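**Q** Sequence:
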Amino acid sequence: ALWSKRSSINLIGNHINIQTGEWTANDCTIGTGVDSYFEYLVKGALLFRHPELMDMMNEYIKAIDAHMSDGSGWFVFANYQQGRKTMPLFASLDAFYPGLLTLLGKLDRARETLYAYHTMWRKYGSMPEFYNLAQQECMQGREGYPLRPEHIESIMYLSKATDDDTLLFMAADIFDSIES
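The opening position of the sequence shown corresponds to residue 5 in the working numbering, with each subsequent residue numbered one higher.
Zero decoy hints are in this set.
Okay, derived cross-link-like pairs now, DMTMM-like style, lysine to aspartate or glutamate, Cα gap no bigger than 20 angstroms in a straight line:
1. Lys89 x Asp39
2. Lys127 x Glu116
3. Lys66 x Asp112
4. Lys110 x Asp74
5. Lys47 x Glu63
6. Lys9 x Asp59
7. Lys127 x Glu154
8. Lys66 x Glu56
9. Lys110 x Asp167
10. Lys164 x Asp177
11. Lys66 x Glu43
12. Lys127 x Asp180
13. Lys110 x Asp169
14. Lys127 x Glu147
15. Lys110 x Glu154
16. Lys9 x Glu63
Simulated DEER-style distance windows between Cβ atoms:
17. Gly25 x Glu147: 34 to 44 angstroms
18. Gly48 x Pro153: 19 to 29 angstroms
19. Tyr119 x Glu26: 36 to 46 angstroms
20. Asp69 x Glu157: 18 to 28 angstroms
21. Ile22 x Glu63: 16 to 26 angstroms
22. Ile182 x Ala70: 33 to 43 angstroms
23. Met91 x Tyr119: 14 to 24 angstroms
Hints listed in this document are in silico derivations from the structure and should not be mistaken for laboratory results.
Since this is a predicted model, take the numbers as computed values, not measurements.
For every residue, glycine included, the Cβ atom is placed at its ideal position computed from N, Cα and C.
Make the full structure from the sequences, and use the hints.
**A** Now the structure itself:
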């Protein structure tokens, strides 16, 4: 049913009214409000061998790349109907995306995005809930880190797919930060 609610440019909002089926938030993100849906599509396609679910996700990825990518591994919020970029924000739930790209076999894109995200981890020793990419700073009042596993999961998926030892150092960064 959510597939039928996508816009003509194949983006979706990030909150939907379950009684009316109308989007209540017009910003498309790769994380907050949609990350689980994207994971359901990919993991459902793999688990149940339903290629149509993978086809749906690939259409979303094309739209995300066209309208939300900044070209350096980061993705920003965009209006789901027009594709116009609305907020230059990273949300910590976005960190699942490199893992999803890995499951899709898009390893170069996954690596580029994961490395971009990890530069922020190195800067702060954690991942802020919201980060303003334009100002290169944590969003005021949202500096906290809720111990989300998405970043380490993405590192794990890409590490298993590539045997890239650099990823082990990234994982060690995370554990060192948490323990210190």
